[in-house]
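Peer 1: Following the hints, position chains Z and H against chain P.
Spelled out, the chains give:
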Amino acid sequence: MYVEMKEICKKFGDYEAAKQISFGIEKGKLVALLGPSGSGKTTILRMLAGLERQDRGDVVIEGKVVNDVPASERGIGFVFQNYALFRYMTVYDNIAFGLKVQKADKQKIHARVMEMVSLIGLEGLEKRYPNQLSGGQRQRVAFARAIAPNPQLLLLDEPFAAIDAKVRKDLRKWLKDMIQKVGITSIFVTHDQEEAVEVADDIIIINEGRLEQMGSPIAIYKNPKTPFVAQFIGTSTVLENMVGFKGYDDALDGKKVIVRPEFVEAFKSDNKKFANMMNAVEEGVIENVVFRGSYLELTLLVNGVRLTTNRSLERRHVDIGEKMCVLLYRVYLFDDKGAEIRKNQLLKGIDVEAL
Amino acid sequence: MEERSSKIAKWCLIGISVAFFLLMLIVPLFEVLYRALADGLEAYGTALGAKTTLSALKVTLLATVIAVVVNTVFGLIASWLVTKFDFRGKNVLSTLIDIPFSISPVIAGLAYIMTFGRTGWAKPLLDGINEALGTDIALVFSVPAVVLATIFVTFPFISREIIPLLYAQGRDEEEAAAMMGASGFTIFRKITFPHIRWGLLYGVILCAARAFGEFGAVYAVSKARGKTFTLPLEIDALYMAGSADSITQAFAVSSLLVGMALIMLILKNIVEYRGKRDDL
Amino acid sequence: MKKRGFICKTVCFTLLAACTAMALTGCGEEKEGGTITFTNVSYDPTREFYEAYNELFAEHYKETTGSGIELVQSHGGSGSQARSVIEGNDADVVTLALAHDITAIENAGLIEEGWMEEFERNSSPYTSTIVFLVHSGNEKEINDWDDLIKEGVEIITPDPKSSGGACWNFLAAWQYAKTTFGGDEEKMKEFVSKLYHNVLVMDSGARGATTTFVENGQGDVLIAWENEALLTLQEYPGEYELVTPGISILAEPSVAVVDENADKNGTQEVAKEYLNYLYSEEAQRMAGKYYYRPSDETVLQEFADTFDLSVNLCTIDDFGGWDQAYEDFFADDAVFDEIYAAQ
Numbered sequence: 000m001y002v003e004m005k006e007i008c009k010k011f012g013d014y015e016a017a018k019q020i021s022f023g024i025e026k027g028k029l030v031a032l033l034g035p036s037g038s039g040k041t042t043i044l045r046m047l048a049g050l051e052r053q054d055r056g057d058v059v060i061e062g063k064v065v066n067d068v069p070a071s072e073r074g075i076g077f078v079f080q081n082y083a084l085f086r087y088m089t090v091y092d093n094i095a096f097g098l099k100v101q102k103a104d105k106q107k108i109h110a111r112v113m114e115m116v117s118l119i120g121l122e123g124l125e126k127r128y129p130n131q132l133s134g135g136q137r138q139r140v141a142f143a144r145a146i147a148p149n150p151q152l153l154l155l156d157e158p159f160a161a162i163d164a165k166v167r168k169d170l171r172k173w174l175k176d177m178i179q180k181v182g183i184t185s186i187f188v189t190h191d192q193e194e195a196v197e198v199a200d201d202i203i204i205i206n207e208g209r210l211e212q213m214g215s216p217i218a219i220y221k222n223p224k225t226p227f228v229a230q231f232i233g234t235s236t237v238l239e240n241m242v243g244f245k246g247y248d249d250a251l252d253g254k255k256v257i258v259r260p261e262f263v264e265a266f267k268s269d270n271k272k273f274a275n276m277m278n279a280v281e282e283g284v285i286e287n288v289v290f291r292g293s294y295l296e297l298t299l300l301v302n303g304v305r306l307t308t309n310r311s312l313e314r315r316h317v318d319i320g321e322k323m324c325v326l327l328y329r330v331y332l333f334d335d336k337g338a339e340i341r342k343n344q345l346l347k348g349i350d351v352e353a354l
Numbered sequence: 000m001e002e003r004s005s006k007i008a009k010w011c012l013i014g015i016s017v018a019f020f021l022l023m024l025i026v027p028l029f030e031v032l033y034r035a036l037a038d039g040l041e042a043y044g045t046a047l048g049a050k051t052t053l054s055a056l057k058v059t060l061l062a063t064v065i066a067v068v069v070n071t072v073f074g075l076i077a078s079w080l081v082t083k084f085d086f087r088g089k090n091v092l093s094t095l096i097d098i099p100f101s102i103s104p105v106i107a108g109l110a111y112i113m114t115f116g117r118t119g120w121a122k123p124l125l126d127g128i129n130e131a132l133g134t135d136i137a138l139v140f141s142v143p144a145v146v147l148a149t150i151f152v153t154f155p156f157i158s159r160e161i162i163p164l165l166y167a168q169g170r171d172e173e174e175a176a177a178m179m180g181a182s183g184f185t186i187f188r189k190i191t192f193p194h195i196r197w198g199l200l201y202g203v204i205l206c207a208a209r210a211f212g213e214f215g216a217v218y219a220v221s222k223a224r225g226k227t228f229t230l231p232l233e234i235d236a237l238y239m240a241g242s243a244d245s246i247t248q249a250f251a252v253s254s255l256l257v258g259m260a261l262i263m264l265i266l267k268n269i270v271e272y273r274g275k276r277d278d279l
Numbered sequence: 000m001k002k003r004g005f006i007c008k009t010v011c012f013t014l015l016a017a018c019t020a021m022a023l024t025g026c027g028e029e030k031e032g033g034t035i036t037f038t039n040v041s042y043d044p045t046r047e048f049y050e051a052y053n054e055l056f057a058e059h060y061k062e063t064t065g066s067g068i069e070l071v072q073s074h075g076g077s078g079s080q081a082r083s084v085i086e087g088n089d090a091d092v093v094t095l096a097l098a099h100d101i102t103a104i105e106n107a108g109l110i111e112e113g114w115m116e117e118f119e120r121n122s123s124p125y126t127s128t129i130v131f132l133v134h135s136g137n138e139k140e141i142n143d144w145d146d147l148i149k150e151g152v153e154i155i156t157p158d159p160k161s162s163g164g165a166c167w168n169f170l171a172a173w174q175y176a177k178t179t180f181g182g183d184e185e186k187m188k189e190f191v192s193k194l195y196h197n198v199l200v201m202d203s204g205a206r207g208a209t210t211t212f213v214e215n216g217q218g219d220v221l222i223a224w225e226n227e228a229l230l231t232l233q234e235y236p237g238e239y240e241l242v243t244p245g246i247s248i249l250a251e252p253s254v255a256v257v258d259e260n261a262d263k264n265g266t267q268e269v270a271k272e273y274l275n276y277l278y279s280e281e282a283q284r285m286a287g288k289y290y291y292r293p294s295d296e297t298v299l300q301e302f303a304d305t306f307d308l309s310v311n312l313c314t315i316d317d318f319g320g321w322d323q324a325y326e327d328f329f330a331d332d333a334v335f336d337e338i339y340a341a342q
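Protein sequence lines correspond, in order, to chains P, Z and H. Using numbering that gives the first Met the number 0, you'd call the opening residue of the first sequence number 0 and step up by one each time. Using numbering that gives the first Met the number 0, you'd call the opening residue of the second sequence number 0 and step up by one each time. Using numbering that gives the first Met the number 0, you'd call the opening residue of the third sequence number 0 and step up by one each time.
In isolation and in its complexed conformation, chain P is listed as follows:
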C-alpha cells in the first residue's frame, strides 16, 4: 500500500467529520473519494494533505507515519477547488513557484516549467495572468503547478466543481490521461458519481464520516454493500410496500426496495423478443414520458407503484396512458441489517443480460 489511512477520527466541536476511516491505496492508482455534500470527504483529503490534523489514527505515506510531518514536507501536490492560482503571478511563475521555494537551479526550473506547460497544452500562454485564462485553462495550470515539484501524491479537491458542464467532460478525460501519463498516485474528491465512475480506477464512498464501500466502479455499481451505496449510485427509486409482483413472492414484504431503470423493461404486448417471459409480465400504464436528450424516460404505474425505465429512441413510439407489459428483472432489497440483490425467480434460466 502506498497511501494508508488507519482508524482516522476527526471531530469539529460536536460534528464528527470522520469516524474510524481506514483504507489503503496502491501506488499509481487514481482513486475517487465520492460522497454527498457534508459527508466529510474533503476533510479526509485535507487530513491526508496535512492541512487538518486528525484527532486519532495514522496517516501513512510510503510506509512512513506522517502524522507530525507538516503539509509542505509530505511530498504532496494539492489542487484546490477554486484553483487558488496566484493571481499576481504569470502562468510561468505559478508553475515555477514550488520549485523556486525549493531553491532549485534556475535552468532546471525553466526546463521543468516549460515541460509542464507543454504537457498541459498551454504553450505560448506562459506570460498570461490567471484572469486572462478560461476556467478550463486555469484548472490545467493548477494541475501543472501541483505536479511541477514532482510530488509523490496528487490530491485534488473537487477539481471540476467550478467548471462549465460542457468543458467538464473534456477536462475529465484530459485529467485522467495526464495522470496516467505522469503515473502519479492520485486521489480526488467529488460529489458527482458520473465523474467518479468515469475517471477513477477505484472509488471510496464516504457518507456521514463513514467509509461505506471501496472498490472498482463496476463492483460498486453492481454489488452495493450498504443501503446508502445502493441508493447513492445510479439513478434509483426507493419503494416500499411492493406487493403482488410476480416472481418475488413475499421477499419484498416489509422491506425497502431499490429499483433501477435498467431493472425494468416495458414493451408492447406484441413484442416477440419477450414472448417466452410473458408469465412474469405485469401490466403497467404509462404515466409520463420525458425526453432525456439521448433516450426517453418512462414512468409507469404498475401494481400501484411507480416504476421508471429508459427507452431507446430507436423503438416504437409510445403515448401517455398507453398500456404496456412490464418485466421486473431484479431489485435490491434492504433493511437495517443489509442489502442484497434479489432476482425475479420466474426469469430463472433466462439470460437477461443477453437481451
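Heads up, some of the hints might be wrong.
Stated by the list, open to error - No farther apart than 27 Å at their CA atoms in a straight line, the calculated lysine-lysine pairs in the BS3-like style are these:
id : chain 1 : residue 1 : chain 2 : residue 2
1  : Z       : K89       : P       : K126
2  : P       : K255      : P       : K347
3  : P       : K10       : Z       : K189
Claimed, not checked - Label pairs and their in silico Cβ distance ranges:
id : chain 1 : residue 1 : chain 2 : residue 2 : range
4  : H       : H196      : Z       : Y33       : 55 to 63 Å
5  : P       : A164      : Z       : L21       : 54 to 62 Å
6  : P       : A164      : Z       : G258      : 53 to 61 Å
7  : Z       : L36       : H       : K139      : 34 to 42 Å
8  : Z       : I7        : H       : D145      : 39 to 47 Å
9  : P       : A160      : Z       : A121      : 44 to 52 Å
10 : Z       : K83       : P       : A164      : 29 to 37 Å
11 : H       : T305      : Z       : Y33       : 54 to 62 Å
12 : Z       : K83       : P       : Q151      : 38 to 46 Å
Quick caveat, the hints were computed from the structure, so don't treat them as lab data. All C-beta atoms, glycine included, are put in the ideal place defined by N, C-alpha and C.
Peer 2: Relative to the frame of chain P, chains Z and H by itself:
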C-alpha cells in the same frame, strides 16, 4: 413624462452637490490663496521662508513620516492578525484599531499628558528608562510628543484600507503557497502584498494627509513656537498675532498646507486609477 | 510558528527604530558649540513684546558672555500655561499674567518659596490695566461698566479658568460693582451676572479674545488688557476706540525662574539674568513701546502720552491678595462658577 421629471431630479441633485462643493471647499480654498498673495509675491516668499515656518514644516514632515512608517508596520500586523487568525479578543483588537476615529484628538492629547506628563502615572517609568539609557526624552511638550500624538490619531487609516482586502482575498492562495513550503515572509511578500499594494498605498496617502492637518491632539502637547510647532499650530500662532501682516502670513503658510493637501489628492487619484486598472 | 517569529522580529525592529528616531529628535536641548536653548513660558498677549525683547536680550547676552542663546517662546492663556508647566512643559522661566498662576507652579514643587521677592517690585517688571475696546464711533455708547449690562450689548472677554487677563477683567468689574452698590453682595452678584449674560464668546486667552473681536469681527466691546487695546489701535488705526472705565484695576503680571527646570537644564544663571534684564532701562523702554506700563517710575513718565496715568485703580490687595481672591472668585463653585452656572 417620467423621464423628464427624473432628468430634472438628476440635474437638481447634481446642482446641489456642485453648489455644496463650491461653497464648502472651492471658495474657501480660493480665499486662502487670495489672502495669501494679498501683499504680493515677495511677502509670500518671506512668510514661507521664515524661521518659524521652516521649523514648523520640519516638525510636520518628521511627524508625518514617522507616523506613516510606524502605522504601516503596525497596521499590517494588526490587519494580518484580525483577518488571518481566530483568537479570543479578536473583536477587542478590531475595536481598538478604530478608537482614534471615534475620540476627539484633543482628548488623545490630554490623555498623553495624563500619562507621560510630569504628574502622569507613567512618568517614573519614563524617568527610569531615561536614567538607564542616559537620555533626556520627554514625551510631552516636545517633538516626540507631537510624533506620538500624530501616530495615535492616524493609526486606523492604513488598517482600514487593508483589512477588507485581506478578507476578500481569503486563505486559499496562502494555503496553496504554504503547502508548497513557502515561509510566512515569502507568502506575505509574493502573495499577500501584491494584493494589498494599492490599498496600502492609498492608506499611506490618507494617513499622511491626516497627519499634515492634525491640530487638536498636537495642540495639547506642543507649546513652543519655533521648536515643537507643526504647520497648523504655526498658522494659528500667526493668526493670533493679530497684525495685518501676520494674518497674510498665516494665509501664506495655510496655502502651503493646501498645496501639500492637493499633492496628496493627486497622488490618491493616481493610486486609485492604477489600482482599478491592476484589479485582478 | 514561522509567522509568529516574523511578527516578533518586525515589532522589535520597529520599536527600536521609533525609539531611536524619537531619541534623536528629543535630544534637542543639546548645546551646540556653546549655544544654550532657553524657554520662556508666557501668557497670551505678550507675543510681540517677547519677540522683540528676546532679540534685545540675545544681543546683550552675547556681549556680556560671548555665547549665543536660542530663545524659545510659548504663549497661551496664563492659567493653561501654568498648568502645562506643572504637567511637564520645560520652562526655564515663566512670565505670566498674575501671581496666583506662579503660586500654583510653586505649590507643585517647581519653584522655590519666596519667588516674589527675588526680583524688584514684587517680581512685576511691567504692569497694565483693564480697559474697553470698541468700534470706531462707539455706536452703542459704551463709556463705563454699567453700559456693559445694557440690553443688546455683546461683550467679548476670555475665560477666567484659563486666562489671566480674564481674572483681572472680572475683578475690575467686581470692584466697580462693590463701589457702586456699597458692598451689597446680592446686587454685586446680580451686576456681574448680567454682565456675563451679555458675553458672546469666551476665548481661552486674552489674545484669543482680541482675535475674536478684531479679526473675526464679533461683539460690540472687548474687555481687554490695556496693552492689547493699544496694540490694536496701532495695528488698525481709525477703526477702534479705547474707552477707559471710571474704575479699573492695577494688573501686575509676575515673572519667576522655574527652579526645578533651570537646575536640570543648567540655566539658573541665564534665567536670573534674563528676568533681571527686564528691569534695565532699555527693556523698560521696550515694554512701554509695546504698551506695557514700565514699573520703573522714571521710564513710565516718558510714556505719559501713551498711558492714561490718572485712571482710578484698585489693586489685588483690595481683594486680600491673590490666594484669597482666587479662592473667593475663581476656585471651583466660587462666585464665577455660581454666576456662570445660573446663565
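Peer 1: Starting from Z/K89, check that the Cα of P/K126 is at most 27 Å away, please.
Peer 2: violated (40 Å)
Peer 1: Holds or violated: 53 to 61 Å for the Cβ distance of P/A164 and Z/G258?
Peer 2: holds (59 Å)
Peer 1: Z/L36 and H/K139, beta-carbon distance inside 34 to 42 Å?
Peer 2: holds (36 Å)
Peer 1: With 55 to 63 Å as the target window, see if H/H196 and Z/Y33 comply at their CB atoms.
Peer 2: With a Cβ separation near 39 Å, H/H196 and Z/Y33 fall outside 55 to 63 Å, so the hint is violated.
Peer 1: Against the 27 Å threshold, does the CA-CA distance of P/K255 and P/K347 hold or violate the hint?
Peer 2: holds (23 Å)
Peer 1: Holds or violated: the 54 to 62 Å window for the beta-carbon distance between P/A164 and Z/L21?
Peer 2: Given range 54 to 62 Å: holds, Cβ gap about 56 Å.
Peer 1: Decide if the proposed pair is consistent with the structure: P/K10 and Z/K189, CA atoms, cutoff 27 Å inclusive.
Peer 2: Not satisfied, since the Cα-Cα distance of roughly 34 Å exceeds 27 Å.
Peer 1: Do Z/I7 and H/D145 keep their Cβ atoms within the hinted range of 39 to 47 Å?
Peer 2: Given range 39 to 47 Å: violated, Cβ gap about 60 Å.
Peer 1: Confirm or reject the claim that Z/K83 and P/Q151 have a C-beta distance inside 38 to 46 Å.
Peer 2: Taking Cβ atoms as reference, Z/K83 and P/Q151 lie about 29 Å apart, which means the hint is violated.
Peer 1: Against the range 29 to 37 Å, how does the distance between the Cβ atoms of Z/K83 and P/A164 compare: consistent or not?
Peer 2: For P/A164 against Z/K83, whose Cβ atoms are near 35 Å apart, the range 29 to 37 Å holds.
Peer 1: Given the hint of 44 to 52 Å, check if P/A160 and Z/A121 actually sit that far apart at their C-beta atoms.
Peer 2: violated (57 Å)
Peer 1: Within 54 to 62 Å: is that where the Cβ-Cβ distance between H/T305 and Z/Y33 falls?
Peer 2: violated (36 Å)
When held up to the earlier numbered hints, the structure conflicts with 1, 3, 4, 8, 9, 11, 12 and fits the remainder.
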